[in-house]
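Undergrad: Okay, here's what each chain looks like letter by letter:
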Amino acid sequence: GENVEQHPSTLSVQEGDSAVIKCTYSDSASNYFPWYKQELGKGPQLIIDIRSNVGEKKDQRIAVTLNKTAKHFSLHITETQPEDSAVYFCAASWGSGGYQKVTFGTGTKLQVIP
Amino acid sequence: EADIYQTPRYLVIGTGKKITLECSQTMGHDKMYWYQQDPGMELHLIHYSYGVNSTEKGDLSSESTVSRIRTEHFPLTLESARPSHTSQYLCASSDDRGGDTQYFGPGTRLTVL
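In the order they appear, the protein sequences are chains A and B. Taking my numbering, the leading residue of the first sequence gets 1, the next gets one more, and so forth. Taking my numbering, the leading residue of the second sequence gets 1, the next gets one more, and so forth.
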């Protein structure tokens with residue numbers, strides 16, 4: 001089955017600096033890679049996603065890159081703000097004909113220091 | 001914002017009690033999931049459903065059971081709660097038409113004394 005590794009498990013950055021979280025996956029059939037943000041006391045919420053036919057996607061201060069050959073994808077947050085502090089999860093998913101298999105990474109706790 | 005709800009948000013209960021954690025979504029999603037989340041953050045899939053009358057066990061073995069009698073409702077039941085069941089339980093749903101994105105509820109924090 002799919003195995004998703006996520007690093008680092010904790011990350012502290014100064015406000016305004018960039019943060020990068022990296023994930024690797026094992027199953028080359030995975031074709032959808034979402035990133036979730038979980039704030040304290042809440043469930044994870046999708047912040048950005050990328051499909052296997054795209055190498056990079058950007059949405060304001062966040063971007064995701066995908067290297068299918070190397071089987072890794074990364075989340076980039078620029079100009080970090082205190083409200084970016086949360087736990088971030090990557091995931092790898094594949095599915096067809098209604099069947100879907102999603103595997104989550106182990107999470108990264110990001111702390112943005114004002 | 002996703003319309004998926006979980007009740008109760010917090011539950012403290014004694015050993016041996018039967019409990020049901022409720023999960024409802026108003027998006028008409030066919031797929032629903034239950035995850036158990038460690039204090040160390042990791043999400044573990046314990047049950048999923050692809051539609052009414054469909055339920056499957058997830059990757060992590062769990063003593064809980066689920067049912068899917070209506071599309072919008074996916075309750076999780078523990079017949080006899082034990083301290084080892086203490087955890088955060090997250091419900092999610094997804095829809096083929098919307099891609100593979102999972103929408104999560106706010107979670108239920110269960111403490112078994």
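Worth flagging that the hints you see were computed from the coordinates, not collected in a lab. Among these hints, one or two may not hold up.
Just the calculated beta-carbon pair ranges, DEER-fashion [what the hints assert, rightly or not]: (1) Asp38(B) <-> Leu46(A): 41 to 49 Å; (2) Ser26(A) <-> Pro83(B): 31 to 39 Å; (3) Lys57(A) <-> Thr15(B): 45 to 53 Å.
Pairs of lysine to aspartate or glutamate, EDC-like flavour, derived with a Cα cap of 16 Å [what the hints assert, rightly or not]: (4) Lys101(A) <-> Glu22(B); (5) Lys68(A) <-> Glu56(A); (6) Lys101(A) <-> Asp59(B); (7) Lys101(A) <-> Asp3(B); (8) Lys42(A) <-> Asp84(A); (9) Lys71(A) <-> Glu5(A); (10) Lys42(A) <-> Glu2(A); (11) Lys101(A) <-> Glu2(A); (12) Lys101(A) <-> Asp30(B); (13) Lys22(A) <-> Glu39(A); (14) Lys71(A) <-> Glu56(A); (15) Lys37(A) <-> Glu56(B); (16) Lys42(A) <-> Glu5(A); (17) Lys42(A) <-> Asp38(B); (18) Lys109(A) <-> Glu42(B); (19) Lys109(A) <-> Asp30(B); (20) Lys71(A) <-> Asp27(A); (21) Lys42(A) <-> Asp3(B); (22) Lys42(A) <-> Asp59(B); (23) Lys109(A) <-> Glu5(A).
Quick look at which bits of chain A chain B covers, simulated, 3 or more residues with Cβ under 8 Å [unchecked claim]: (24) 39-50; (25) 105-112.
All residues carry an ideal CB built from backbone N, CA and C; glycine is no exception.
Undergrad: Checked against the structure, which of the hints given earlier come out wrong?
TA: 1, 4, 7, 10, 13, 15, 16, 19 and 22
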